[in-house]
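Put together the whole structure using the sequences plus the hints.
Each chain, letter by letter, is given below.
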Amino acid sequence: MTGFALHRRQILKAALADRGDTLFVTGLGSATWDLASLGDRPENFYLWGAMGNSVMIGLGIATSRPDRRVVVITGDGEMLMGLTALTTIGARRPGNLAICVLDNERYTETGRQPTATGLGTDLAAVAAACGFPVTATLRTESEASRLGELLLRTPGPVFAVAKVIDEPLPMAVPPRDGGYLKTRFRTALLGEAAATLP
Amino acid sequence: MDDHWSSAAHRHFTAAGVRQVAYVPDAGLTRLIERCREDNAIETVMCATEEEGIGLAAGAWLGGHKSAMLMQSSGVGNTINAIASLITSAHFPLFTIVTMRGQWGEGNPWQVPMGQAVASVLQAVGVKTFEAQTNEDAGAMIEAGLRMAYSTDQAIAVLVSQRVIGSKVWVVGEKEGGR
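So the sequence lines, in the order shown, correspond to chains A and B. The working numbering puts the first sequence at residues 1 to 198. The working numbering puts the second sequence at residues 1 to 179.
Some clues are possibly wrong.
Have a look at the derived ranges for each label pair, beta carbon to beta carbon [stated by the list, open to error]:
1) B:ARG11 / A:PRO133: 34 to 40 Å
2) A:LEU169 / B:ARG11: 31 to 37 Å
3) B:GLU34 / A:GLY20: 46 to 52 Å
4) B:LYS128 / A:MET171: 34 to 40 Å
Some chain B residues flagged as far from chain A (calculated, every beta-carbon gap over 12 Å) [to be verified]:
5) THR14
6) ALA124
7) THR134
8) ALA144
What the hints contain is simulated information worked out from the structure, not anything from laboratory work. All C-beta atoms in this analysis are idealised placements derived from N, C-alpha and C, irrespective of residue type, glycine included.
Structure below.
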């Protein structure tokens, strides 16, 4: 497919400029490097594994903290592996959850092999069919200017796909110790006492 | 007081402060799922596949909620990478109840291999397993397992034997979905 115009880190940086204390989960691989490139913070829970699980982790956080915005940033390969979760989220419709798929139609980490999103699967249409009230596929700069509003402020669940250029970017490597990332996130959200006592 | 293990499980969920329950339906879990769905203090999340419930449990804990995951033994196979990669590597607590098939008096050959593999497969990825052979075992193990999971940041599975739940018998001409 031709005509990709969007640079993943540029649109993410612009969309998340006023992210405040928003809680983030990233799917492993490029999405983790992308969010880390904007600056590490305790409210970012990066996945380094568990492929296919990012949006369900987002649902668990969103369910426990309905007062906080939860945004999942992931890639097309990771989303495809956990597609059933869209039926689960569509059935519950959490208003504070937004999902952003940075879709380059490639399994980037494993060698840029094509994914099904370039061969027929329309992820936003899948989400809409599962009951997501707000879905979008962003292809142009003008369309991408909506991304921040969709992810941070639009009542959800929101499912936004940005069709992005397949481009090699420098890795931004966040902490990889899962126990550290978990406790750091919980401490930021719950306070140290609640985060460290059973 | 109702002494069915499902009622005990629900009481222990309440006492432990479980706030989210993920499940994939199973006949043996019907009563417990109903109890949880009727409880306004518990958010029940019906999952399409068991792997989803593992992600939910991790997310719930990140947000400050204790959770429980309910599934049939066949579903355990769907959870393994998520447990190994997410729960075990990041030391998340996990509490799951597995209703067993493929063991005591099983009538469906397709259930036997996974049912027989459940305990060793879970143990291989770091889950501690308690195997309940009686109704009383199940209640006690659920109470102890919940406490252990959330006091020690461990993954605990209580496997409720087919001997407790009852074996499924197929009879030609019987209505589908009946018990």
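Verification of the supplied hints:
1. A hinted range of 34 to 40 Å holds for the C-beta pair B:ARG11 and A:PRO133, which are about 37 Å apart.
2. Between A:LEU169 and B:ARG11 the CB atoms are about 52 Å apart, so this pair departs from the stated range of 31 to 37 Å.
3. The hinted window of 46 to 52 Å between B:GLU34 and A:GLY20 is violated, with their beta carbons roughly 40 Å apart.
4. A hinted range of 34 to 40 Å holds for the C-beta pair B:LYS128 and A:MET171, which are about 36 Å apart.
5. Annotated as non-interface, B:THR14 keeps its C-beta farther than 12 Å from every C-beta of chain A; the closest such distance is 17 Å.
6. Annotated as non-interface, B:ALA124 keeps its C-beta farther than 12 Å from every C-beta of chain A; the closest such distance is 16 Å.
7. Listed as a non-interface residue, B:THR134 keeps its Cβ farther than 12 Å from every Cβ of chain A; the least gap is roughly 28 Å.
8. B:ALA144, annotated as away from the interface, keeps every beta carbon of chain A farther than 12 Å; the closest lies near 14 Å.
Checked against the numbered hints given earlier, the structure breaks hints 2 and 3 and satisfies all the rest.
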